[in-house]
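Protein chains in written order, with this note's numbering: chain U, 1 to 111; chain Y, 112 to 225.
Treat each hint with caution, since some may be false.
[To be verified] Heads up, simulated DSBU-like pairs for lysine-lysine below, C-alpha to C-alpha not over 35 Å straight-line:
#1 K37(U) x K68(U)
#2 K37(U) x K182(Y)
#3 K22(U) x K71(U)
#4 K125(Y) x K42(U)
#5 K58(U) x K22(U)
#6 K57(U) x K68(U)
#7 K68(U) x K120(Y)
#8 K58(U) x K211(Y)
#9 K42(U) x K58(U)
#10 K211(Y) x K57(U)
#11 K211(Y) x K168(Y)
#12 K57(U) x K22(U)
#13 K125(Y) x K57(U)
#14 K71(U) x K37(U)
#15 K42(U) x K182(Y)
#16 K71(U) x K125(Y)
#17 K125(Y) x K58(U)
#18 K71(U) x K57(U)
#19 K22(U) x K168(Y)
#20 K42(U) x K22(U)
#21 K168(Y) x K71(U)
#22 K22(U) x K68(U)
#23 K37(U) x K120(Y)
#24 K125(Y) x K22(U)
#25 K71(U) x K42(U)
#26 K125(Y) x K68(U)
What the hints contain is simulated information worked out from the structure, not anything from laboratory work.
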Amino acid sequence: GENVEQHPSTLSVQEGDSAVIKCTYSDSASNYFPWYKQELGKRPQLIIDIRSNVGEKKDQRIAVTLNKTAKHFSLHITETQPEDSAVYFCAASNYGQNFVFGPGTRLSVLP
Amino acid sequence: NAGVTQTPKFQVLKTGQSMTLQCAQDMNHNSMYWYRQDPGMGLRLIYYSASEGTTDKGEVPNGYNVSRLNKREFSLRLESAAPSQTSVYFCASSPLAGGKETQYFGPGTRLLVL
């Protein structure tokens with residue numbers, strides 16, 4: 001089955017700096033890769049996603065890149081703000097079925 | 112629209128008791144999912160239902176059963192609760208049609224098994 005690894009497990013950055021979180025997956029059949037943000041005590045919320053036919057996608061300060069050959073994808077957050085502090089999860093799925101999540105990255109943005 | 116709703120919000124069970132977690136969505140989504148989230152860990156898929164009338168096992172199905180009652184509702188049952196099932200349970204739904212796989216999560220049910 002699919003296995004998703006995520007690094008780093010914790011990340012601290014200064015406000016205004018960039019943050020990068022990386023994930024790898026094992027199943028070449030996976031074709032949908034979402035990223036979720038989860039604040040303490042809240043539900044996960046989608047922040048950006050990418051499909052296997054696209055190499056990069058950007059939404060304001062957030063971008064995701066995908067390397068299908070190497071089976072890895074990354075989340076990039078630029079100009080970080082204190083409200084970006086949360087736990088971020090990557091996931092992999094085959095046509096929206098059987099999602100497998102990474103273990104999460106706790107991002108702290110220091111003022 | 113309420114989105115995805117879950118009941119109860121919090122539950123305490125004794126080992127061996129049974130209970131059903133309820134989930135409903137009002138977005139006319141085809142697919143529904145049940146996850147558990149343990150402290151400091153990611154979400155692990157228990158069961159999912161790609162469409163009304165179908166259910167499939169996820170990563171950690173042992174000790175659970177599910178019912179897709181209709182397109183709106185997807186319930187998760189613990190027949191004989193164990194302390195290892197102490198967790199936060201999230202339900203999610205997705206259109207899963209027209210290339211739309213985005214999952215929308217409910218607020219979660221916090222379960223404590225003593």
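Hint check results:
Distance hint between K37(U) and K68(U) is fulfilled; the C-alpha atoms sit about 23 Å from each other, no more than 35 Å. In summary, the hint linking K37(U) to K182(Y) is supported, as the alpha carbons are separated by about 27 Å, within the 35 Å threshold. With a C-alpha separation of about 11 Å, the suggested pairing of K22(U) with K71(U) holds against the 35 Å cut-off. Under the criterion of a C-alpha separation no larger than 35 Å, the hint pairing K125(Y) with K42(U) is consistent with the structure, at around 26 Å.
For the given pair, K58(U) sits about 16 Å from K22(U) by alpha-carbon distance, which is consistent with the 35 Å threshold. The suggested pairing of K57(U) with K68(U) holds, with an alpha-carbon distance near 14 Å, which does not exceed 35 Å. Among the hinted pairs, K68(U) with K120(Y) is inconsistent with the structure: their alpha-carbon atoms are about 40 Å apart, more than 35 Å. Between K58(U) and K211(Y), the direct Cα distance comes to roughly 18 Å. Compliance with the 35 Å bound is thereby established for this hinted pair.
Proximity of K42(U) to K58(U) is assessed by CA-CA distance (about 25 Å); at most 35 Å being required, the pair is judged to hold. Note on K211(Y) and K57(U): the hinted pairing holds, with a Cα-Cα distance of about 16 Å set against a maximum of 35 Å. For the proposed pair K211(Y) and K168(Y), the alpha carbon gap of about 22 Å is at most 35 Å, so the pair holds. Between K57(U) and K22(U) the alpha-carbon distance is near 15 Å, which keeps this suggested pair within the 35 Å criterion.
A distance of roughly 47 Å separates the Cα atoms of K125(Y) and K57(U); the hinted pair therefore is violated under the 35 Å criterion. For the hint linking K71(U) to K37(U), the alpha-carbon distance of about 22 Å falls within 35 Å, and the restraint holds. Among the hinted pairs, K42(U) with K182(Y) is consistent with the structure: their alpha-carbon atoms are about 25 Å apart, no more than 35 Å. Distance restraint check for K71(U) and K125(Y): the Cα-Cα separation of roughly 43 Å exceeds the 35 Å cut-off, and the hinted pair is therefore not satisfied.
As the CA atoms of K125(Y) and K58(U) are separated by approximately 48 Å, the hinted pair breaks the 35 Å bound. A hinted pair counts as satisfied when its Cα atoms are at most 35 Å apart, and K71(U) with K57(U) qualifies at roughly 16 Å. At most 35 Å may separate the alpha-carbon atoms for a hinted pair to count; K22(U) and K168(Y) meet this at roughly 27 Å. Annotation: proposed proximity of K42(U) to K22(U) holds, straight-line Cα distance about 23 Å (limit 35 Å).
About 25 Å separates the Cα atoms of K168(Y) and K71(U), which keeps this hinted pair within 35 Å; it holds. Between K22(U) and K68(U) the alpha-carbon distance is near 14 Å, which keeps this suggested pair within the 35 Å criterion. As the CA atoms of K37(U) and K120(Y) are separated by approximately 21 Å, the hinted pair is consistent with the 35 Å bound. The suggested pairing of K125(Y) with K22(U) is violated, with an alpha-carbon distance near 40 Å, which exceeds 35 Å.
Taken as a hint, the K71(U) and K42(U) pair is honoured in the structure, with Cα atoms around 30 Å apart against an allowance of 35 Å. In summary, the hint linking K125(Y) to K68(U) is not supported, as the alpha carbons are separated by about 47 Å, beyond the 35 Å threshold.
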